[in-house]
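Student: Read off the chains here:
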Amino acid sequence: MSEKLKINFWRLAILVVGVGAWEWLTGIKAVSKIPGLYFIDPFFISRPSKIVERFFYLNSDEVRLTLWQMLLSTVESTIIGFLVGVSTGFAAGLVLGRNDRLARIFEPYIIAFNSLPRIALVPLVTMIFGFGLLAKVVLAWLIVFFIVFFNTFQGARGVDPDLIHSARFLGATEGQIMRTVIIPSALAWTFASLTPSISFALIGVVIGEFIGGESGGGIGYLIIASLGTLNSADMMVALIVLAITGIVMALGIKQVEMRLLRWRPEYQQR
Amino acid sequence: MPRLRIQIRDLSKTFREGGREVPAVSRVSLDILDKEFVALVGPSGCGKSTILNMIGGLIAPSAGQMLIDGAPVRDVPRQVGYVFQKDTVFPWRTVTRNIALGLEYRGVTGPEQGRRVGEAIRLAGLAGFEEAFPATLSGGMRQRVALMRTLIVEPEILLMDEPFGALDTHTKLNLHAELLALWEAKHQTVVFVTHDLSEAITLADRIVVLTRRPGRVKMIHEVKLPRPRDVIKLRESDEYAQQYSQIWHVLGEEFAGHAV
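Chains as they are written, first to last, in our numbering: chain Z, 140 to 409; chain C, 671 to 930.
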């Protein structure tokens, strides 16, 4: 058996045993015949069979808001927040990274704002932007902006001055230096921040959905609604869907990154 | 009499290092003629790169004058090309797109750009590596890209700061031969900084020996070796050995006195 096959075998084995044990242990009684005394109570962690059942139920037309619609709402807010955060963070990082005076003027404000736990801003954002899509996007943006900003800022500062000089000797104007030297140099740093950014955007959106209620929709709403009805099966459905969404989005970003950074030694021969 | 290209008059440069004034170059005067190949040699830290950077307008003199074609150097002069010691090939551009940079900046596009870049790639022996990224190339190939990228915009003055310093002897000799062939074709005015005396004798018409820091002109030596030169055979010749020992005698004093 090849190494890769072995690893995949063990991965699958852990999944099967884990899910099997979950199903089995939540199905047997600790003391027979006494109702409610399970070995492990499915009330708290549900059971795989129940989760699958709820998964299909939540996707059926018996519910007002299907799981699919909630997922789309979460993904939409995440992607918009991510894109807005990346573009504004990149622009700000580039401007301050290439302008020492401006960077020094803004430094205390940026540090102060960045030290603030973003979660503390959730109620304020809700007050200003309401419970809908906009509030979720703003929350994602607030987190992503700073991650991308700090990376781009570093990148724009760290551009090798000899690369700029050589461009100038080749006849580049200031605009051409920006386009052909500074932006590509800084981008390498920006890209490094994209994978964490998409994960953090998702965090921002889910928090927004906790507060946002039904009008905001989304998977975060499903989680909070399940808490209200003490429905652990629905909550598990939401968590599993969120995990898969996070993985898919991070892998997508990784693909983009590998394409755009294919000139880097660590991305070669792959 | 060929015309004067670069005039250096009583040039001095002092750097400030933590409140201390550190003189790097002290009252250097030198005239460089059109189409001349001049090498600046001296112990490390003697200010030879500083002089080169002042010719290229990257740093301003503290005192004295630096004239190109009679005009004081401010900013980066149009007619100057510069090959750095450090690898300055853009890592995110392929060989072709690196060499095309200067043409791109000047708005030369389309088939004209393609033709000139293709020609440069052929001249540099980089055929087959057109679409390669610098990370996959050897140090010698990257320096070839840097050289062709500079030459493609046809600078009249070429400044080279130990461009082959990081290469092994074999690669270095190959690049010497290639540089000489390219120079024979266009006869740019070249100022070449190196600490390698054999390199200076192989390439230059005149060798300017600088003293230890702060750099002053210690000696100017005319290299009386016929052109075109064969970089390999040259080193076996008696004339080469003779010139080498003459300059080495003077240069050696500077190396010997260098506190290590």
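Don't read these hints as lab results, they were simulated from the structure. Please note: incorrect hints may appear among the correct ones.
Derived contacts from chain C toward chain Z, CB cut-off under 8 Å, selection only [claimed, not checked]:
1) VAL750
2) PHE754
3) ARG776
4) LYS856
Computed far set for chain C versus chain Z, every beta-carbon distance over 10 Å [said to hold, decoys possible]:
5) LEU728
6) VAL746
7) GLU774
8) ARG785
9) ARG819
10) THR820
11) ILE902
12) TYR914
13) SER915
We treat Cβ as the ideally placed atom computed from N, Cα and C, and that holds for glycine.
Student: Against each hint, give a clear statement of whether it holds in the structure.
Tutor: Here is how each hint holds up against the structure:
The criterion of a C-beta within 8 Å of any C-beta in chain Z is met by VAL750(C), whose closest approach is roughly 7 Å, and the hint holds. Taking 8 Å as the C-beta contact cut-off toward chain Z, the hint placing PHE754(C) at the interface holds, the least distance being around 5 Å. The beta carbon of ARG776(C) is positioned within 8 Å of a beta carbon in chain Z (closest approach about 5 Å), and the interface hint is therefore held. Checking LYS856(C) against chain Z: minimum C-beta separation of about 17 Å lies over 8 Å; hint violated.
Look at LEU728(C): its CB is around 6 Å from the nearest CB on chain Z, not clear of 10 Å, so calling it non-interface is violated. The claim that VAL746(C) lies off the interface is violated: its Cβ sits roughly 5 Å from the closest Cβ of chain Z, which falls inside the 10 Å cut-off. At roughly 8 Å from the closest C-beta of chain Z, the C-beta of GLU774(C) falls inside 10 Å, breaking its exclusion from the interface. Every Cβ of chain Z is farther than 10 Å from the Cβ of ARG785(C); the closest lies at roughly 18 Å, confirming the non-interface assignment.
For ARG819(C), the condition that its CB be more than 10 Å from all CB atoms of chain Z is violated, with the nearest at approximately 7 Å. The beta carbon of THR820(C) is not kept farther than 10 Å from every beta carbon of chain Z, the shortest such distance being approximately 7 Å. A cut-off of 10 Å between C-beta atoms confirms that ILE902(C) is not in contact with chain Z; the least separation is 31 Å. At roughly 32 Å, the least C-beta separation between TYR914(C) and chain Z is larger than 10 Å, which holds for a residue marked as non-interface.
Remark: the non-interface label on SER915(C) is consistent with the geometry, its nearest Cβ contact in chain Z lying 36 Å away (cut-off 10 Å).
Hints 4, 5, 6, 7, 9, 10, counting from the list given before, are not met by this structure.
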